[in-house]
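These protein sequences, in sequence, are chains Z and L.
Each residue of the first sequence is one higher than the one before, starting from 1 at the first, in UniProt numbering.
Each residue of the second sequence is one higher than the one before, starting from 1 at the first, in UniProt numbering.
What the hints contain is simulated information worked out from the structure, not anything from laboratory work.
Warning: the hint list may mix true and false statements.
You can't tell identical chains apart in this list, so a pair holds if it fits in one copy or across any two.
[To be verified] The calculated EDC-like cross-link candidates involving lysine to aspartate or glutamate, where the alpha carbons are at most 20 Å apart (straight line), are: (1) K100 x E78; (2) K210 x E74; (3) K21 x D32.
Given next are the chains, with one letter for each unit.
Protein chains: 2
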Amino acid sequence: MAKVSTASISRALNDPDKVSKTTRERIEKAIDALGYTPHFGGRVLAMSRTNTVGAIIPSMANAMFASGLQAFQEVLAEAGVNMLVASTGYDPQQELRQIKSLMARGADGLLLIGSERPPQTRDFLMKRHVPYVLSWCFKPGDDQLCVGFDNHQAAYDATSQVLAKGHRRIAMICGVRAGNDRAQDRYDGVRTAIEDFGAPAALVQVCEAKYRLEYGAEAFAAIMSGNRAATAVICGNDVLAAGALMRARDLGIDVPGQVSLIGFDDIGLASVVTPPLATVRVPQIEMGRHAARVLLARLSGGTQPESVQLPADFIHRASLAAPPD
Amino acid sequence: MAKVSTASISRALNDPDKVSKTTRERIEKAIDALGYTPHFGGRVLAMSRTNTVGAIIPSMANAMFASGLQAFQEVLAEAGVNMLVASTGYDPQQELRQIKSLMARGADGLLLIGSERPPQTRDFLMKRHVPYVLSWCFKPGDDQLCVGFDNHQAAYDATSQVLAKGHRRIAMICGVRAGNDRAQDRYDGVRTAIEDFGAPAALVQVCEAKYRLEYGAEAFAAIMSGNRAATAVICGNDVLAAGALMRARDLGIDVPGQVSLIGFDDIGLASVVTPPLATVRVPQIEMGRHAARVLLARLSGGTQPESVQLPADFIHRASLAAPPD
Chain Z
1 MAKVSTASIS RALNDPDKVS KTTRERIEKA IDALGYTPHF GGRVLAMSRT
51 NTVGAIIPSM ANAMFASGLQ AFQEVLAEAG VNMLVASTGY DPQQELRQIK
101 SLMARGADGL LLIGSERPPQ TRDFLMKRHV PYVLSWCFKP GDDQLCVGFD
151 NHQAAYDATS QVLAKGHRRI AMICGVRAGN DRAQDRYDGV RTAIEDFGAP
201 AALVQVCEAK YRLEYGAEAF AAIMSGNRAA TAVICGNDVL AAGALMRARD
251 LGIDVPGQVS LIGFDDIGLA SVVTPPLATV RVPQIEMGRH AARVLLARLS
301 GGTQPESVQL PADFIHRASL AAPPD
Chain L
1 MAKVSTASIS RALNDPDKVS KTTRERIEKA IDALGYTPHF GGRVLAMSRT
51 NTVGAIIPSM ANAMFASGLQ AFQEVLAEAG VNMLVASTGY DPQQELRQIK
101 SLMARGADGL LLIGSERPPQ TRDFLMKRHV PYVLSWCFKP GDDQLCVGFD
151 NHQAAYDATS QVLAKGHRRI AMICGVRAGN DRAQDRYDGV RTAIEDFGAP
201 AALVQVCEAK YRLEYGAEAF AAIMSGNRAA TAVICGNDVL AAGALMRARD
251 LGIDVPGQVS LIGFDDIGLA SVVTPPLATV RVPQIEMGRH AARVLLARLS
301 GGTQPESVQL PADFIHRASL AAPPD
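Modelling step: build the complete structure from the supplied sequences, incorporating the hints.
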């Protein structure tokens, strides 16, 4: 495609100063168009699988991904397959770099989190025929192989439970939505449930916060200092809710007496705090296990596996009660 | 060394059925003796660094490693170096497999946790001249490059604080010590501090538990159901302490009114639970950052870096109080 010899391509990749700028640019253009990645050891890889799978997650510092990965890895290990993990910091460009890096290091396939990514990344996955499975999401109608749950539906159901308790003025601390379809879907689920319920129910305030305790605490303080008087705060995950709870304790605000708090994920933290957090149980372990089985099936080359939707149930705990009179 | 042609070695590695059993065994013996790992793309690697570093941690599902790795990765990223993570499940054999796998995939260097490993692993690291840095530990006199803190000293100091509060009957829930020098050092530190204090102070009970909430809860129930009447329970990490606290709540045992609880690590959980956990602040972020800088310096080939010892301070919080009268 670049109309140059393979030797020139090799030089352009390994020793670019020895190739003219014109040639190098032609080669780079072809590389982009074809989605090519230099293969460390192409000969060995062409002969056999490396029995290594890559998992690319948004953040190492999130207990939810951690326990899912642990389960994913255990099933892979039973099949003699090794796992390498890379993280993206919720940055789509960093995700693409990690995908290329893991494929260049001979990963047989990938686990990716969430279903939406930039066209450039989708193109690369398609052109390189990367075997991958998505997790932590399940969107009806998505044509990608996926093992997860419906974030929108789960948030909708949780909000319905909050409304059923009698709450009408609801606030939300949601995760950063840009580049995170799970955070966006959770927000949309909360909003839609309140809209569907109709007046006098209202989403009185929305704060966006990174998934860290201190940001949950700050957002909660901001919500409580306003005059919109939310009686329930739904949080984008348990870390945000635990941060909110910590700040409530510091401010002398009674949970759930004055305000109810609702988390999402059901990480260990949720049942350890006082009061324990009402939350959505994300099937972390089951997702990890199923995702491994589905990816192994895809790599085996036999009958191609189907997407798997798992349930995400609302867990009633003491942080959710009826609103004060 | 195996007295065979390179072609035979290549066949033995890539297509073993084509090589006689005797030859194969001779080759495997030489491979073991020399610590050789097949190099995916040896030619490319011989020419240049891959700008990828491997981090091999005991468990993905531990918030403490997660935040340290996040910091480690951030410093690497500033230098244009990528990180791949693998985990061992606290199994020394699995650690050796991960070391070999990451080196075979072209890692320039490694971050390893803890300082003690089987001779086979030490041999491999030495013979292959693997550039590595140890973290989460610091042992006076250790000749390995290390960025960490002294687990024994930190546990000794924490126990001294518990004794200073007036506790004389102390129990410990410690992590699994086999193959985990940090857990062993923490246990030794607690034991030694109590011995140095002398009678009537006594370590009345020791339970070993995996680092999970439910095992901490179980161990706490076992300790409280005995008749040794500990007034303080020192835990090998915060997860165990949080599990103990959760069980105390379920059993109606007042912390710290009836029994004090002490954690280790100061993960986010420690300040979120009620009462907040007295604990040892492990310098997770600083360790991650320093470890990255030291490893990068080692890889740069300039002046070789020195080991770095960081402080691990005791944090007083409400879960530690004077014993009941």
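Compare the structure with the hints numbered earlier in the document and write down the numbers of the violated ones, lowest to highest. none
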